[in-house]
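Let's have the full structure, built from the sequences with the hints guiding it.
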Amino acid sequence: MLPLPTFSVLSPRSVADAVGMLTDHPEARLIAGGTDLLPSMKYGLFSPPALIRLGGVAALQDITTTEEGGLRIGSGATLRAVGRDPRVQRLYPALAAATRTVATSTIQAMGTLGGNLMLDTRCAWYNQSSFWRGALGGCLKCHSGPEGAICHVAPKGKGCYAAHSADTAPGLLLYGAEVELVSSRGARQVAVSALYGEDGRDWIRRAPDELLTAVILPPPPPGAVVHRKLRARASIDYPLLLTAAAFDPEGGPRVVVSAVGPRPILLSGLAEAFRDGGVEAVAEAGYKQVSPLSTHV
Amino acid sequence: MPTEPDADLVLTLRVNGDRKRLLIPANRTLLNLLRQDLGLTGSKHGCDVGDCGACTVLMNGAPRLSCVTLAADAEGAELLTVEGVSVGGALHPLQAAFHEQVAAQCGYCTPGFIMALKALFDERPDPSDEELNEVLGANICRCTGYTKILAAARQARERMNGRSA
Ligand SMILES: Cc1cc2nc3c(=O)[nH]c(=O)nc-3n(C[C@H](O)[C@H](O)[C@H](O)COP(=O)(O)OP(=O)(O)OC[C@H]3O[C@@H](n4cnc5c(N)ncnc54)[C@H](O)[C@@H]3O)c2cc1C
Ligand code: FES
Ligand code: FES
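Which chain is which? The protein sequence lines are A and E, in order. Numbering of the first sequence is given in my numbering, commencing with residue 1 and proceeding in unit increments. Numbering of the second sequence is given in my numbering, commencing with residue 1001 and proceeding in unit increments.
No lab work stands behind these hints: they were computed from the structure. From a predicted model like this one, the values you see are computed outputs, not experimental measurements. Check before you lean on any hint, since a few could be wrong.
[Stated by the list, open to error] Chain E residues, not near chain A, derived (Cβ > 12 Å throughout): (1) Leu1030; (2) Leu1040; (3) Cys1047; (4) Ala1062; (5) Leu1065; (6) Ala1077; (7) Leu1080; (8) His1092; (9) Gln1101; (10) Asp1129; (11) Thr1147; (12) Lys1148; (13) Ala1151; (14) Asn1161.
[Claimed, not checked] Quick list of the computed label-pair ranges, beta carbon to beta carbon: (15) A:Thr64 - E:Thr1041: 21 to 29 Å; (16) E:Asn1133 - A:His143: 37 to 45 Å; (17) A:Glu284 - E:Arg1014: 37 to 45 Å; (18) A:Gly176 - E:Ser1128: 42 to 50 Å; (19) A:Tyr287 - E:Leu1023: 34 to 42 Å; (20) A:Pro208 - E:Asn1133: 38 to 46 Å; (21) E:Ser1128 - A:Lys288: 50 to 58 Å; (22) A:Arg185 - E:Cys1106: 33 to 41 Å; (23) E:Glu1100 - A:Gly223: 22 to 30 Å; (24) E:Asp1126 - A:Gly20: 46 to 54 Å; (25) E:Gly1076 - A:Glu284: 25 to 33 Å; (26) A:Ser47 - E:Arg1014: 28 to 36 Å.
Every residue gets a Cβ at the ideal spot worked out from N, C-alpha and C, and that includes glycine.
Here's what the structure looks like:
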């Protein structure tokens, strides 16, 4: 049995309550579905003194149509609720598809869209029990004292390469989605394309006192957007590779690749590659822009 | 005045139809609440980190991995565990089918499969093979190779829909 560390629990009922509690307890962690947070806490990766439970904030679960003809999806909507929403299926099929490749049907009924976008980066040397990590002296991401100051994936490097593994992120990025972050200082919107950082330790550009309230999608782009995931087994597993691809007859292909480093990568120069050499050239151009390391769990 | 977090909490919920009220530490998982505080050991402790499905229960009708659910999240909820699945002493058709098809070897995974399949059948009374397989993919069985489990799920489906199997 892997015991949870000791912590206390706060149970807000409204967004204002939750933001207030986060302001009063900046060292607390938010918990939505708990499917990422609790395994990590059982592994002793961190032990916050308090958890703020978002499950009681009903307003975070709403999915509403925006005036512009897009959708506003509450961060607390479960992946299952998002994937089953007829508007999501019609307007954003690659998002609906991505919710259905996360883990398993049971985890999709628990995990939220907000939790998915806030998913910690993952690495074969990080997502392990304290005992396992302790035997190695830790790593850059799990801060275990001086011996921890090494990356086992790239021992000569100074960076952490833990992989972004959120299935919904690539598609949301291509759809031009933004997230709404609310704190006692006010609300701001950040594009999914600008949400993630370049180092696996510091992968998310969210201040510790900010609550992700919603994902806001503009009307869908012309042309198709598709989601594809490569994983070891057809179920349960985190991605080995994620791609979302959009094709607009005017603008050419746009492709996001993820699970190969700390953040999703929007490939560049694809329109030219497509014009000159078709799909093969696009794949070739993409291959040159990613350098996956053996971080996968 | 900052709100003070609760280190212990009073939890009120219904488990298999019975109302329960307990004082628990805030870091209690739903699985430990069931097994230790309520003595309901049907939900199994497998991996403890969300990988295997052995701890699956229904919370307000939806499947949940109780090992990665805070007991605090069950406040006010209606829980169903494998102990509550039989009706008036008679096995649920899923349980009967697992028994008839010998869909268990060590049996440790069985309660999780029963609960995950029950969640599906409650929503979709006549699921396709693809839907059955999706649920089987949510749970790990190290013994049977899944063939018998799929046979049991199909048998339950046929019987519950008044077809012979
Ligand atoms: C066996 C297994 C397999 C998995 N496979 C996949 C997979 O293939 N692909 C994938 O993408 N994920 C996978 N996951 C991870 C996880 O289930 C999903 O990413 C899920 O969507 C996380 O959502 P949650 O609500 O459970 O998040 P939580 O665990 O509740 O939270 C995750 C993180 O987000 C923060 N957070 C949550 N809500 C907010 C908010 N509103 N504002 C700010 N921060 C917030 C939390 O503090 C925490 O740091 C897997 C998990 C397991 C156990
Ligand atoms: S014990 Fe809960 S998923 Fe394995
Ligand atoms: S019967 Fe042993 S794990 Fe399934």
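Okay, the hints, checked on the actual structure:
| no. | hint | in the structure |
| --- | --- | --- |
| 1 | Leu1030 | violated (10 Å) |
| 2 | Leu1040 | holds (16 Å) |
| 3 | Cys1047 | violated (9 Å) |
| 4 | Ala1062 | violated (5 Å) |
| 5 | Leu1065 | violated (6 Å) |
| 6 | Ala1077 | violated (10 Å) |
| 7 | Leu1080 | holds (14 Å) |
| 8 | His1092 | holds (19 Å) |
| 9 | Gln1101 | holds (22 Å) |
| 10 | Asp1129 | holds (14 Å) |
| 11 | Thr1147 | holds (16 Å) |
| 12 | Lys1148 | holds (18 Å) |
| 13 | Ala1151 | holds (19 Å) |
| 14 | Asn1161 | holds (21 Å) |
| 15 | A:Thr64 - E:Thr1041: 21 to 29 Å | violated (43 Å) |
| 16 | E:Asn1133 - A:His143: 37 to 45 Å | holds (42 Å) |
| 17 | A:Glu284 - E:Arg1014: 37 to 45 Å | violated (59 Å) |
| 18 | A:Gly176 - E:Ser1128: 42 to 50 Å | violated (35 Å) |
| 19 | A:Tyr287 - E:Leu1023: 34 to 42 Å | violated (58 Å) |
| 20 | A:Pro208 - E:Asn1133: 38 to 46 Å | holds (42 Å) |
| 21 | E:Ser1128 - A:Lys288: 50 to 58 Å | violated (42 Å) |
| 22 | A:Arg185 - E:Cys1106: 33 to 41 Å | violated (55 Å) |
| 23 | E:Glu1100 - A:Gly223: 22 to 30 Å | violated (52 Å) |
| 24 | E:Asp1126 - A:Gly20: 46 to 54 Å | holds (48 Å) |
| 25 | E:Gly1076 - A:Glu284: 25 to 33 Å | violated (56 Å) |
| 26 | A:Ser47 - E:Arg1014: 28 to 36 Å | holds (32 Å) |
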